[in-house]
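Chains as they are written, first to last, in our numbering: chain F, 1 to 286; chain A, 287 to 572; chain Y, 573 to 858; chain S, 859 to 1144.
Rather than coming from a laboratory, the hints here were simulated on the basis of the structure. From the three backbone atoms N, C-alpha and C, an ideal C-beta is built for every residue, glycine too. Keep in mind that the hints are not guaranteed to be accurate.
With a cut-off of at most 25 angstroms between alpha-carbon atoms, the simulated DSS-like pairs for lysine-lysine come out as follows [claimed, not checked]:
id: 1; chain 1: Y; residue 1: 841; chain 2: S; residue 2: 1127
id: 2; chain 1: A; residue 1: 379; chain 2: A; residue 2: 500
id: 3; chain 1: Y; residue 1: 786; chain 2: S; residue 2: 1127
id: 4; chain 1: A; residue 1: 436; chain 2: F; residue 2: 214
id: 5; chain 1: S; residue 1: 1072; chain 2: S; residue 2: 951
id: 6; chain 1: S; residue 1: 1008; chain 2: Y; residue 2: 786
id: 7; chain 1: F; residue 1: 214; chain 2: F; residue 2: 93
id: 8; chain 1: A; residue 1: 500; chain 2: F; residue 2: 214
id: 9; chain 1: A; residue 1: 500; chain 2: F; residue 2: 269
Away from chain F, derived, C-beta distances all over 12 angstroms, residues of chain S [what the hints assert, rightly or not]:
id: 10; residue: 937
id: 11; residue: 1042
id: 12; residue: 1123
Number of protein chains: 4
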Amino acid sequence: MSAIAAITRLLISCADRPGIVAAVSRFLHEAGANIVSSDQHTTDPEGGSFFMRMEFTLPMDRAEHAEFERRFATAVAEPFAMHWQMWQVSTPKRIAVMVSRYDHCLLDILWRHRRGELEGDIGLVVSNHPDLRADVEAFGIPFEHVPVEKGRKAEAEQRQLALLAGYDLVILARYMQILSAEFLEQLAVPVINIHHSFLPAFAGAGPYQRAREKGVKLVGATAHYVTPELDAGPIIEQDVIRVTHRGDAATLERLGSDIERTVFARAVKWHCEDRVLLHENTTIVF
Amino acid sequence: MSAIAAITRLLISCADRPGIVAAVSRFLHEAGANIVSSDQHTTDPEGGSFFMRMEFTLPMDRAEHAEFERRFATAVAEPFAMHWQMWQVSTPKRIAVMVSRYDHCLLDILWRHRRGELEGDIGLVVSNHPDLRADVEAFGIPFEHVPVEKGRKAEAEQRQLALLAGYDLVILARYMQILSAEFLEQLAVPVINIHHSFLPAFAGAGPYQRAREKGVKLVGATAHYVTPELDAGPIIEQDVIRVTHRGDAATLERLGSDIERTVFARAVKWHCEDRVLLHENTTIVF
Amino acid sequence: MSAIAAITRLLISCADRPGIVAAVSRFLHEAGANIVSSDQHTTDPEGGSFFMRMEFTLPMDRAEHAEFERRFATAVAEPFAMHWQMWQVSTPKRIAVMVSRYDHCLLDILWRHRRGELEGDIGLVVSNHPDLRADVEAFGIPFEHVPVEKGRKAEAEQRQLALLAGYDLVILARYMQILSAEFLEQLAVPVINIHHSFLPAFAGAGPYQRAREKGVKLVGATAHYVTPELDAGPIIEQDVIRVTHRGDAATLERLGSDIERTVFARAVKWHCEDRVLLHENTTIVF
Amino acid sequence: MSAIAAITRLLISCADRPGIVAAVSRFLHEAGANIVSSDQHTTDPEGGSFFMRMEFTLPMDRAEHAEFERRFATAVAEPFAMHWQMWQVSTPKRIAVMVSRYDHCLLDILWRHRRGELEGDIGLVVSNHPDLRADVEAFGIPFEHVPVEKGRKAEAEQRQLALLAGYDLVILARYMQILSAEFLEQLAVPVINIHHSFLPAFAGAGPYQRAREKGVKLVGATAHYVTPELDAGPIIEQDVIRVTHRGDAATLERLGSDIERTVFARAVKWHCEDRVLLHENTTIVF
């Protein structure tokens, strides 16, 4: 068993009350686990919500681990009515990318993937345009062209859904089509989008042009989980870059694209490392 | 005549066409001026607007300078249909402050004023609350309390206008009342406001609370010229600071207040140095 | 007992090994404590060091709390050979400031103190110059002028030590004298300094001038604990600001002073909240 | 003649004295030029140096342009003893890259090149290792492997010089060999290096490890012109990114590499656009 295979990750969210940490850490200690890292957050010590992310090593085979999880459910999770997930880091997330014509977010994430920066395996790129095929295939990753024709979007979404089946995460590296609520519901895995503005400012189309007209002094990018409401899902990460009166909309787009790919990559990396927990329509990022 | 007295500042805006810089610089050179700094901007070389800010030394007495300005008008400004202003830097801008109860932007700007950071003289602080009197008077600056009572705002604005007469610039250091269009029209000098969000996000009241609910990862501040439309005037400067899930609305407010005072001070300083030119609803900051 | 009085803070550092978190959290839970926040860090899961900062509420009177601490020592701290500290947050740190002539870091920290941003009570300002007396006394804080004359530094340090006796923290808000190793040893409490460069670049005197000559594109500030070696103690916080070829050394100093006061204030605030733990010559900031 | 072909760029540096701008702009205006952008900087109005960068359109054929430059030399440049350069932007700079094994700066600049972000043509990549051949050739750019063996460096430098002949700019995208003074002298074109620290801190080898040991809270990158003195040439651009106690040296390297490629790309882009002028051992960046 390799070093990385030995690490187990545990995510917990529940109503806060005394004894949670004691119960979790005692259970892990008695099972022989060694805690490698631990983060917790309480929205309010009185009546708030409790969130925890823990990594520990635990030398067990697969069967023992399954039994360990069952005992955790009974002895710890149920008494505290926890939402929880536990799994071994040795299984990286399977990731599919959706993209249109812009290459910057796509190439950056493919490069980070090749470099081993992500705890995830990018297994497929789906695009509504054929333009980026050669770039994707140069990384040894399959590329599927699914055109989205006017009036035939539902059909395209069915093809996309068939291709995306079995993936744990879908990431939109500047995919310029709106995903329908039905699509999201059938997909049933998290979808991360990169929006080219500092949300909630300039939601929707053409944010750089609108930023230019408004005369803002910083342009930004926002990575968020996709929900049926456009550009309104929980924000994972944001950043900005300074612009001046010298920059026309094309300059803003060029400067912004550097921020887009950085913000997108951070969000995908953090999601793959299970650092992002949901709380209402916001995120906790450990 | 002191070194600083010798500096003249020239601002120009006009339709761009060939020969502007040649005409201006030739006129200045023949008059014996020595250019100390010069910035220019063209929105578009074909059919765009031209903006220029120039500083030069010109050893003249007051009468000669008046004659010099007349000749500039005839020989240079009129042929190019320029909007222009020229004056000696030795006359600092007279500034009045309006404030409510928050002290951070006020104290910061008073301290910078005392330190000599601003090319301006703060001569008065007007507040709708009496709370900050001692702080202001400790800086040797008069403090006037003008309560704004419900239903009697117009009356209060008349008192304010009487107090503000003769000032070149009014700055709102977190003044929590909306200024009426009539007030702005009668005041007839620039008004700079600091808004505690990264506009256009979270215009209006309660931006930190709304930022918290939206789950943004950065909070910001925006300094802008005041126009009758709330929080929509030309933006002079903006900045942001990173926040996390750990920060409640009070934390966002504390972190944000550091950004507010910095952004506010930069905008006031730049305005006093005549670095901010208007172009439609945006600014050019040299 | 007020809400804030009920919070107890616990800091731990020790060699990492399995069971630490379980032992601590079980002990706290059985004593009736409710954990409000908890941060931990392991430098290396195998043979590394373990650091923890915990805040919990524990409804006890003073005598019960003393007994609680004794039991913690025996039952938890000794078996793991912990370095540890535990105390109630209701007792703020007593802080003394040393300063020379620059006012920016001093006024900023006095203002934050007045605003209630610090968990500490500033009780005294000691200066080798009389200049800032009025500013300090306006905040209702005693000011002591202790001149440091050439050849009589040891004498001045003895006077300073007498004044500083009983304080938990000494902060140097741009104090332009080097503190001797003997002074530091006799003082025997932490000393935080703000250095006006991005250390280790430009340690020693005149950093802005040297930054200007070197042509750096960012200037910075560093808050660190003072050790006998000049400008080489553990770094608590750093930040930078962008400068251009337009800025002479005076401009760099002006821009830098904004960063100095921000970095200084953060470091003092974090120290007062016991967020800063030492590890070799570096810090862990929770 | 295409739109971009019509732009001429003029760089000037000379001792500052009255009349420079007037002479230049009058000459250009009389020749029929239309100034598109203009930046100037005076280190000191009295006895300082003057720097200018100007872009203008001038509809001339090649022969007329040569005559125009001759007249500029006689009528303007000589009277003011200017160092000056003038050329048409239609001729992009020919760029060669030197690299070792790290791919991040290389791939980023090749991607920006393909995207049309640089005013330059990357024509060759030379490496002392064969590793990156496929990546480079995928961009359609020749790759030359020139091993640098111990004791045979001079020989390798001769091969490199032969390959680099005819290029206007050499950029070191993490090239891990020191270039000899003889090499630089024979090369006789500017060389831009990216150093993985915030110079002057951590010059030389292993900066991330040393940054980690020092406990700095920000790591940086510096792009500079190469001079015979290691890591001490004029700085073009710098930036930093925040790190915490959680980050080991590998994390610092990962985070830093994002800053390296950004800073490197900005420096190369600005150099290609002739925005970087030298003043003693520093740069003016217009």
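So, against the hints stated earlier in the document, which numbers end up violated here?
Of the numbered hints, 1, 2, 4, 5, 6, 7 and 12 do not hold.
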